[in-house]
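A.B. asks: Here the protein sequences line up with chains A and B, keeping their order. Each step along the first sequence adds one to the number in this note's numbering, with nothing skipped, and position 327 is 327. Take the position in the second sequence, starting the count at 1, then add 353; the result is the number in this note's numbering.
Just so you know, the hints here were simulated from the structure itself, not pulled from any lab data. Wrong hints could be hidden among the right ones.
[Stated by the list, open to error] If the Cβ cut is set under 8 Å, some of the chain B residues that face chain A in the computed set are:
#1 K420
#2 S422
#3 F618
#4 F632
#5 I635
Since this is a predicted model, take the numbers as computed values, not measurements. The C-beta atom is built at its ideal place from N, Cα and C for all residues, glycine as well.
Residue strings, one per chain:
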Amino acid sequence: MSDTTHGDTGHGHEVEPITYTQSDERGRILLGLDEHRSRRTDTSQRAAKRAERQIAGMFTFAAICFVAAIAAYLLVPKHDIVWVPVLGNVSASNLSLGGLIGLGTLLIGVGAIQWARALMPDEEVIQERHELRGSDEAREDTIEQFRRGAQESGFMSRPIIRRSLLGAMALFPLPIAFLLGDLGTAPDDKLRHTAWGNKPRTRILNQGSGQMVRPEDLAVGGLINAIPVGLTELEEQEGSQNARAKAAIILVRMNPDEIKSTQGPNWDYEGIVAYSKICTHVGCPISLYQQRTHSLLCPCHQSTFDLSDSGRAVFGPAARHMPQLQLDVDSEGYLVAVGDFAEPVGPSFWERG
Amino acid sequence: MSTSTQPSTPVGKTARWVDDRYTTSNALRRNLGKVFPDHWSFMLGEVALYSFVILLLSGTYLTLFFKPSMVDVIYNGTYVPLKGVKMTEAYASSLDISFDVRGGLLMRQIHHWAALFFVGAMTIHMFRVFFTGAFRKPREVNWVIGTVLVLLGIVEGFAGYSLPDDLLSGTGLRITQGIASAIPIVGTYVSFGLFGGEFPGTDFLPRLYAIHILLIPGIILALVTAHLLMVWYQKHTQWPGPGRTENNVVGYRFFPVYMAKAGGFFFIVFGVTTLISAFVTINPVWMFGPYTPDQVSAGSQPDWYMGFLDGAVRVMPNLELVFWHHTLSLNLIVPAVVLPGIMTLLLGAYPWIEQFVTGDKREHHLLDRPRNTPTRTALGVTAITFYLMLWVSGANDIIATTFESSINAITISLRILLFVVPPIAFTITKRICLSLQRRDNDKLLHGHETGRLLRLPHGEFVEIHAPLTQKEQAEILGKVDMPVLALETVDANGVAAPWALVNNLRNRLSSWFYAINVAKPSPAELEAAAGHFSHVSAVELEATHRHREFEALGGVLHQPSEDESVKH
């Protein structure tokens with residue numbers, strides 16, 4: 001921009017006119033490198049000195065931060081909680097260590113970049129690109145070398161060797177792949193059974209209270225998260241949560257006349273229905289129950305099931321109803337599951353059918 | 354070896370010792386003075402690289418304390434709310450790192466924040482490379498490596514936040530298991546193989562740990578190295594500007610300028626990550642409790658980079674096919690397997706797709722300004738919009754609770770918007786790009802508006818337009834107006850050739866890609882504009898001088914009085 005408003009310097013400051021005659025073979029109009037503008041640190045010794053002091057100051061302050069961080073490691077008790085505006089209650093150790101190490105490293109970085117910007121050369125340098133493709137001579141020579149080697153090896157002229165080698169190489173990965181066989185046990189029919197089927201008429205344990213459930217524990221509209229009695233012992237024995245991942249259920253009580261359908265004849269008990277808690281979509285435990293509509297919503301992907309209507313999938317990505325458990329009451333008045341689920345619980349799988 | 358100079362300093366002696374054995378001078382001579390071009394957007398890849406270094410360092414620290422075991426223990430550490438609770442050793446050791454190792458929480462948070470930045474920086478770096486056409490020949494393979502790196506970064510991040518075995522991470526693994534089960538034919542075996550049997554089992558975390566700390570980082574490290582070597586060897590692309598051509602690199606030398614700038618920038622990324630980790634809690638695993646397969650918290654959200662996948666799974670309609678005693682869960686394999694597969698393939702193959710459309714097989718070292726390739730830019734924005742719509746879908750429950758609206762209505766709307774919004778984004782982007790091109794031409798020919806008004810001796814008012822700087826002009830003039838393909842569709846005898854279908858398609862696609870274009874001004878028009886500018890500035894100069902002389906003589910600038918301005 002011709003800076004004509006600064007009369008004194010503008011006088012006699014002749015701007016090179018830009019020419020548009022140069023272009024490349026793609027139709028770009030090429031302009032030459034523009035004039036280098038000096039920085040203050042190029043023209044003034046004092047400015048350069050000041051930049052030098054700033055940069056050294058940052059590096060020194062960084063060093064102080066690191067020493068202070070060591071002090072913080074040694075002196076700040078690790079369990080101390082401090083209240084800091086905006087942040088609230090935070091760990092004093094985390095705050096001081098992170099603050100000091102972070103500030104120190106940040107200062108090293110800012111200092112180094114300021115050093116490059118203010119004091120290192122800022123005049124642009126032009127470097128030619130080298131051609132990426134090899135020369136014709138190099139290419140031909142390479143092909144020649146390859147032909148020679150191929151011929152000397154006899155790879156093409158001895159087909160028996162070639163074919164037997166290729167055959168062996170093709171089989172080589174197979175035994176390695178077979179070695180992965182023991183990564184897991186065979187599925188068999190594990191996905192089709194849950195702990196409810198371990199013995200008939202299993203009593204139901206309320207997960208909240210730890211008590212066995214009686215029908216009168218559940219008011220209309222109430223919900224209980226439950227597992228089969230003996231599940232915890234089974235988990236101890238197996239050393240895993242596998243049984244829980246299939247056996248978790250929810251019990252809900254509604255007015256018997258609100259029940260539109262169940263998955264079997266009279267599978268509810270006086271309005272109490274039991275459904276698997278494991279979503280038929282990808283297996284999240286379903287936990288949001290809307291009493292008014294009897295709908296159960298999965299918090300992972302929002303599949304919605306109607307518990308008054310056989311656990312039908314009414315919305316969301318789940319395709320199948322929630323499996324139902326047939327309920328009854330035993331001689332001592334406890335709720336029991338008559339048997340196992342009639343179908344696999346949880347997400348679909350290829351062999352499910 | 355010649356002994357022209359005898360080193361006297363310890364550094365010099367070491368250098369000679371090394372060079373005597375490895376000819377390091379050969380490589381260093383060529384590379385220390387290597388020139389790299391400058392542009393702010395070239396930093397994005399650096400952020401990704403440095404985040405990865407931070408991940409390696411902080412991750413190594415965490416391995417010293419983390420126990421990747423699913424064996425149950427009773428927690429007896431210092432976090433009171435979970436005292437006496439049964440949990441896996443993995444979760445217990447995560448709590449110990451957070452509360453009982455000094456600096457442990459800091460390292461955990463640095464590791465998590467750096468992971469979020471790593472994937473984020475890679476993604477935005479990828480956008481930069483896409484929109485500027487830096488993926489074109491000869492850099493197609495580096496684009497593919499980049500695609501794989503983004504993918505690995507996402508998988509690695511997911512593996513990482515699944516390790517602490519808190520309720521949130523376990524829920525993520527449950528979903529993974531559900532998706533694995535849905536794979537046709539082998540799904541059940543894949544799931545049983547991964548988890549060592551039924552879900553959750555006790556094998557998965559140690560396996561995931563080996564994958565997370567050894568396998569994937571090893572592959573990422575190798576690919577990052579290849580990525581950088583290629584950039585170094587092929588030389589960096591540059592932004593069009595004064596002095597920049599397809600055959601040169603204009604910028605600053607690696608040593609000392611970029612060593613200082615890039616080295617310094619590493620410390621800035623480290624410093625900022627550490628400060629954020631000091632001040633902002635991320636993934637407070639102690640609040641979620643240990644994983645158990647029968648509990649979940651509402652509003653569970655994965656880390657940001659998994660959001661699009663979660664969203665795809667959420668908005669997918671519930672299609673499931675049952676035939677011949679087999680189940681095909683389209684509601685899972687479409688959004689979680691097929692869709693990301695197609696997205697990755699399209700992304701990785703894009704350089705070749707564009708080459709097919711444009712027929713452009715030339716080398717490209719000067720970058721495109723996004724506005725100058727409107728169709729590519731619009732395609733990119735369309736893809737990003739689609740991705741963002743999926744991402745928003747991943748938060749459909751949060752939207753529903755925040756705005757107290759129906760989750761069903763929101764999900765159904767998102768299903769529609771997912772296909773409606775991206776094409777709209779395409780059209781708008783293309784229009785904006787073309788308008789920006791017109792604006793560029795306008796600026797070239799008429800200059801910047803300065804807001805300075807000049808009253809000419811005969812009373813006319815004109816606004817002073819200042820010509821663009823050489824740098825601004827060079828950036829605009831670096832545009833290439835590409836011709837539309839016109840491939841033969843008939844053979845020498847005027848009969849439709851067998852390849853006519855393909856060529857016809859390519860001609861049409863090329864026309865779609867390039868036909869609507871705003872050609873840049875010709876050199877003659879530019880010269881004419883330059884002449885105009887010098888005339889205007891001469892007039893202005895004269896007026897300014899007259900005013901100065903007038904003032905020097907003690908004159909006062911004439912201010913129009915009220916009634917005078919009314920007259921005018």
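A.B. asks: Under the constraints set out in the numbered hints, which ones does this structure not fulfil?
C.D. replies: Hints 1, 2, 5 not satisfied by this model.
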